[in-house]
Amino acid sequence: MTAWPPVELPASQLRRVRAAANGADYRVSVWLPEGPPPAAGFPAIFVLDASALFATFVEAIRRGSRRVDATGVAPMAVIGIGHDADELFANRLRRRDYTWGPPAHEAQPDAGPVGGGTAFLSFLADELAPALRQELPLDGTRQTLFGHSLAGQFVLQALAARPDAFRTWAAISPSIWWDAADLKARLAATLPQAKAPSVFMGVGEWEGAVPPWQRTHPGHDLLVARRAQRDMVGHAQALAQDMAAWLGPDRAAFRIFEDEDHASVVMVGCQRTLRFATARNQAM
Numbered sequence: 001m002t003a004w005p006p007v008e009l010p011a012s013q014l015r016r017v018r019a020a021a022n023g024a025d026y027r028v029s030v031w032l033p034e035g036p037p038p039a040a041g042f043p044a045i046f047v048l049d050a051s052a053l054f055a056t057f058v059e060a061i062r063r064g065s066r067r068v069d070a071t072g073v074a075p076m077a078v079i080g081i082g083h084d085a086d087e088l089f090a091n092r093l094r095r096r097d098y099t100w101g102p103p104a105h106e107a108q109p110d111a112g113p114v115g116g117g118t119a120f121l122s123f124l125a126d127e128l129a130p131a132l133r134q135e136l137p138l139d140g141t142r143q144t145l146f147g148h149s150l151a152g153q154f155v156l157q158a159l160a161a162r163p164d165a166f167r168t169w170a171a172i173s174p175s176i177w178w179d180a181a182d183l184k185a186r187l188a189a190t191l192p193q194a195k196a197p198s199v200f201m202g203v204g205e206w207e208g209a210v211p212p213w214q215r216t217h218p219g220h221d222l223l224v225a226r227r228a229q230r231d232m233v234g235h236a237q238a239l240a241q242d243m244a245a246w247l248g249p250d251r252a253a254f255r256i257f258e259d260e261d262h263a264s265v266v267m268v269g270c271q272r273t274l275r276f277a278t279a280r281n282q283a284m
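Numbering-wise, our numbering puts 275 at position 275 of the sequence shown, and it's gapless, one number per residue.
Note that these hints are calculated values from the structure, not bench results. Computed from a prediction, not measured in an experiment: that's the story for all the values here. Yeah, the Cβ is synthetic: ideal placement off N, Cα and C, and Gly gets one too. One should not assume that every hint holds.
[Stated by the list, open to error] What follows is a set of in silico ranges between Cβ atoms, one per label pair, in the way DEER data are often shown:
{"hint": "1", "residue 1": "Pro109", "residue 2": "Val68", "range": "28 to 34 angstroms"}
{"hint": "2", "residue 1": "Arg15", "residue 2": "Pro109", "range": "25 to 31 angstroms"}
{"hint": "3", "residue 1": "Asp126", "residue 2": "Val224", "range": "39 to 45 angstroms"}
Based on the sequences and whatever the hints tell you, model everything.
Below is the structure:
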């Protein structure tokens with residue numbers, strides 16, 4: 001049997017980049033839309049956990065931007081930032097880079113360090129984004145940062161630390177429970193004075209309970225208890241109300257996605273993020 005060639009994403013490329021901020025290696029994936037760029041360059045969405053989500057965003061934009069009038073999704077570049085590991089989600093490295101410290105009300109995970117969020121943000125904002133803009137036609141005033149789960153928590157902490165680093169911030173199912181009080185305090189100190197950022201948050205309906213398709217699985221009772229403690233939906237709702245007060249309702253959006261769980265919500269969250277980012281880019 002003749003060997004089949006591998007499937008590749010058109011117009012995409014993968015690089016390994018070493019961050020000066022923390023000395024770690026990352027896999028950076030880049031995709032640009034077809035056709036000539038706008039005069040100021042393409043808007044760009046920076047996607048965390050690229051091993052799992054880079055292709056998802058590329059395909060969503062390729063499909064959606066063919067009919068902007070029907071989808072609300074305009075062409076934009078995709079910059080995927082992944083850890084230099086072969087796992088779909090490199091959890092030990094995610095905890096290192098996506099947190100500002102240990103979890104507030106749970107035992108610290110045994111595997112690997114935590115609290116490297118400041119250095120990772122410096123890599124994104126001060127090293128990677130400027131270097132890419134020097135080489136590629138990218139508009140530095142229309143950048144979006146996307147994260148899901150613990151990466152969503154990173155997005156919110158990064159927003160509190162440097163609200164000018166990106167124009168649009170998207171946190172889907174953010175793990176606010178990791179350090180909810182610290183996160184809220186930092187956002188409250190920063191966002192009322194911030195001029196430009198817009199924030200989209202979303203969470204799945206079933207993240208506060210257990211969806212019907214999981215109720216017969218072993219460990220159901222433990223999952224119920226953990227979800228009650230972490231209160232994903234309640235934390236997100238409360239923070240979304242604060243966001244609207246700090247930024248104004250036109251720059252803060254929140255959705256509870258019906259019949260979606262923590263893992264499944266990322267697909268619809270991707271699509272809604274692209275629509276939100278398109279609208280905010282066009283509002284400039």
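Violated hints, by number in ascending order, as checked against the structure: Hint 1 alone not satisfied by this model.
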